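J.: This is what each chain is made of:
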Amino acid sequence: MFTSTMMFVKMTVIAVTTVFLLSEASRRRDRRALWMGLALVLFIIKDAVLLYLLQRPPAAGVPVLGEFFNNLVSYGLPLGLNVPLPVEVFHHYFLVWAGAEMLFAVVLQQALSSLALEGRDRLVQLLVLLGNFIIVVIFGILAFTITEYQQFSDMMTYYLWAVVWAGVQYIVILGRTMLAKHGDGLSLNFCVRYRVFLVSVAVFSIVQVATIILIPLRAFETIPFSVYAILWHLTGFLWILVAWLYQRHSLSNADLEAEGRLLQQKLYREMGFSVAETLSMQTIVEMLAKNGQEILDAETCGLFLVDEQGERVSVGSLTGFFPPVEPVKIEENTTPEMLMSRFRANRFRVGKTWVGEVAASGQPLEVLDNLKTSRIPQTGGKWCTVRSGYAIPLIAKKKVYGVLVAVNSRTGKGFGPRQKRLAGLLASEGGPVLRQLHLYQRVLAMKQAEREFSIALDIQHKLMPQTFPEREGVQISAFSRIAKEGGGDYYDLLDFGEGRFGFVCADIAGKGVAASLVMVIIRSIIRSNAIPGRDASDVVSIVNNTVSSEVGEERFASLYYYQFDTRFRTINYCNAGHTPLMLYRADHGSFARLDTDGMPIGIEKDVEYGQASSSLQPGDIAVLFTDGVVEAMNADLEQFGIERLQHCIRENNVLSARELTDKIYEAMNSFVGGAEQHDDATLLLMKVV
Amino acid sequence: MDITIRESNDVVIMDINGEIDLYNAPDIKETIKAQMESGKTNIIINLDKVSYIDSSGIGVLISSLSNLKKAGGSLKIINVYASVRKVFELTKLTSFFDIYDSEQEALASYAG
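From first to last, the protein sequence lines stand for chains U and P.
Sequential numbering of the first sequence, starting at 1, is according to the working numbering.
Sequential numbering of the second sequence, starting at 690, is according to the working numbering.
Hints listed in this document are in silico derivations from the structure and should not be mistaken for laboratory results.
It should be emphasised that the depicted structure is a prediction, and the values quoted were computed from it without experimental measurement.
Think of the CB as a built atom: it goes at the ideal place given N, C-alpha and C, for glycine as much as any other residue.
Incorrect hints may have been included.
25 Å max Cα-Cα, derived DMTMM-like pairs, lysine to aspartate or glutamate [what the hints assert, rightly or not]:
#1 P:Lys758 x U:Asp606
#2 P:Lys738 x U:Asp636
#3 P:Lys729 x U:Glu604
#4 P:Lys758 x U:Asp636
#5 U:Lys329 x U:Glu308
Residues from chain U shown here face chain P by an in silico Cβ test under 10 Å; the list is partial [as the list claims (entries may be wrong)]:
#6 Arg442
#7 Gly488
#8 Asp507
#9 Ile508
#10 Asn572
#11 Ala576
#12 His578
#13 Pro580
#14 Gly598
#15 Met599
#16 Ile603
#17 Glu604
#18 Val607
#19 Gly673
#20 Glu676
#21 Asp679
Could you build all of it, start to finish, from the sequences and the hints given here?
T.: Below, the structure is given as structure tokens:
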């Protein structure tokens, strides 16, 4: 009677739970709920069969199973170890009932182990399933191949192995539950939340398993069978309770997951737009802060960025007035806007201040009663009093890239678990995005610099003529060694025809594309304005006035311009702050400096430039060069110098312009040796023949 | 390169120490800008301890001079020696800048 009542109660509970589990399982296509529901269905079937069998005589002359069972119970323990069991009873009772019991145990354990073993333990789960399958198969084969039973205990041996296997699974569940960490997944979160209860149930189950094994060994003969019966049934109830709790937990989590998926979609969409539109850090940072505020339902929210070195934290975006992380001085006339602009410019150390601490630890920080604890300093003056705060790090590849900080929960009750979970999701999406942006910006800056550099070099190279016309009465040659980082040297040759030439040599302050653009301007102005017959100083004045109005003052250039007429061997020159032209006079073997008044071009408009003319003789050599030639430095920090240059020209003055230029280039290079040069070196040489 | 700032009767004196090149020249510009923002537009630059100046450095001096002039102030340069003077002379900028031989002379020019 006791057993029947207990079974009725149990079956009712199970039936209700089963309906609930199965409906939820089908609604959400939850694999675990399905397993549990299935286990419970088997449970009911098994008990129903038992109830039926208990009332029905298995064969003529054989007692009703209920009686037989009660006899067993009244025999006390050990459970029918030496009680002869008629084969008919075995077939009716044991095969059907114990078989169903086995199947139920296997399926329930399957559900429970899948509960404790989250996805990444698939292999373990597979092994458990395989073990269960093998047990059932072996049990089935044995049960049907044995036709004659004298001893109930013979069958118990096989039953016991299955029980041992169940015990192993309970131990696995126990271990997993004890080791589970929060955040590994839905079911592990469940294990953490109900850890004490789950561990108790698992221990209880292991004890139950132990009693089943120990009974045939006559270990506890004095304990009445009803104690065992209660123990066994209670275990079943406890697991039903676990299943029900899990279902409740997974329901609330399933809602959160759905909400999380929506948030994720929203983030991807918004980030996708930002990436497509501008790929700007600012847009994405603003978006993260805005979403953070919405999710956490905070009065104000800020996103702080950690620099590449992981040393400093700066303000990325604030959704509204935000109490400065480090106190900012508030004076009487300070407005909230002023306070915010000062705070925005502020940078603070990782590890210092409450936001910096989160950046250092990589762990979220929650402050609920700031009015009491003052964990967060009250730096917001009369505009903001910090009551609560929540800071969560944005992490990617174990590095903190930012911190999302919410101040003052609007509900006044602090930040709820749902809000924190969604904020965690936002942070876990935001971290990798910030990292990508960091990487992208670094690559972009490098590419930009590289490209700019190569463009500048390219322009510089292309602007300067590499071949020179061969005309009667004059030989022209040049070299330009551009420094590794590029520079501002420039030369040009203009062929006016009829043996008239214009020579330009310039050194533009600064480097890169900006400097090469000045070269282009100089080149085009000279090319369009230098016409035969126009004074050199006029040409330079035009260049100066245009460059002065077009280019910033910093971008000035020294420029030397001269014209040579081979027919009369006359030279007309103007120097705008450049190294003066060095003229080798062949008849004396001496050098002259051809210089005029005037400062570099591009500084001031309407500068007056001087000019002068002179006549040359065959054999004279006009050498125009930039300071990079005479300042070329060797490893001992000695300069090539004007003397070495002059010596080289004097020694080789009989050579052609091309050969002489090569000699100078060689002399300069062999002097410098391997020392790296930081300035361009350019030389433009004309020899009268 | 280091910049030290002194003041004498509302005139800011910047003592520069080291080499002025493309990479640190902007610091000088920023320092002068900061002075202008706080209302100081009369500035003397002391190049006594400067061993080298390149075209970018000259460029910064030129643009600062022009900015200060626009703001009704001035830029004077003192103690221009050796290689630095050579650069000024070579580029013929000695007359473009107000160059004085000593601090007293430069300060006196403001007083007068």
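J.: Does each hint hold? Answer for all of them.
T.: Hints versus structure:
1. Between P:Lys758 and U:Asp606 the CA atoms are separated by roughly 17 Å; this keeps the pair inside 25 Å, and the hint holds.
2. With a C-alpha separation of about 22 Å, the suggested pairing of P:Lys738 with U:Asp636 holds against the 25 Å cut-off.
3. About 24 Å separates the Cα atoms of P:Lys729 and U:Glu604, which keeps this hinted pair within 25 Å; it holds.
4. Distance check on the hinted pair: P:Lys758 and U:Asp636 sit about 42 Å apart at the alpha-carbon level, beyond 25 Å; violated.
5. A hinted pair counts as satisfied when its Cα atoms are at most 25 Å apart, and U:Lys329 with U:Glu308 does not qualify at roughly 29 Å.
6. The interface hint given for U:Arg442 is violated, since its Cβ lies 20 Å from the closest Cβ of chain P, which is over the 10 Å cut-off.
7. For U:Gly488, the suggested interface contact is upheld, since its CB lies about 7 Å from the closest CB of chain P, less than 10 Å.
8. Of the supplied interface hints, the one on U:Asp507 holds, with its beta-carbon coming within about 7 Å of a beta-carbon of chain P, less than 10 Å.
9. Because the smallest distance between the Cβ of U:Ile508 and any Cβ of chain P comes to about 8 Å, under 10 Å, the interface hint for this residue holds.
10. With a cut of 10 Å, the hint placing U:Asn572 at the interface with chain P is violated, because the nearest CB-to-CB distance is about 19 Å.
11. Hint status for U:Ala576: holds, given a least beta-carbon distance of 8 Å to chain P, under 10 Å.
12. Look at U:His578: its Cβ gets to within about 8 Å of chain P, closer than 10 Å, so that hint holds up.
13. Given hint, U:Pro580 at the interface with chain P, holds; its Cβ is 8 Å from that chain's nearest Cβ, closer than 10 Å.
14. Hint status for U:Gly598: holds, given a least beta-carbon distance of 6 Å to chain P, under 10 Å.
15. The interface hint given for U:Met599 is met, as the beta carbon of that residue sits about 5 Å from the closest beta carbon of chain P, less than 10 Å.
16. Hint status for U:Ile603 relative to chain P: holds, with the closest Cβ pair at about 5 Å, below 10 Å.
17. At its closest, the beta carbon of U:Glu604 sits 7 Å from a beta carbon of chain P; the interface hint therefore holds under the 10 Å criterion.
18. For U:Val607, the shortest C-beta to C-beta distance to chain P is roughly 9 Å, which falls under 10 Å, so the interface hint holds.
19. The interface hint given for U:Gly673 is broken, as the beta carbon of that residue sits about 21 Å from the closest beta carbon of chain P, more than 10 Å.
20. Interface hint status for U:Glu676: violated, as the beta-carbon distance to the closest one in chain P is roughly 15 Å, over 10 Å.
21. For U:Asp679, the interface hint holds, since its Cβ comes within 10 Å of a Cβ in chain P; the closest pair sits about 8 Å apart.
The structure is inconsistent with the numbered hints 4, 5, 6, 10, 19, 20, although it conforms to all the rest.
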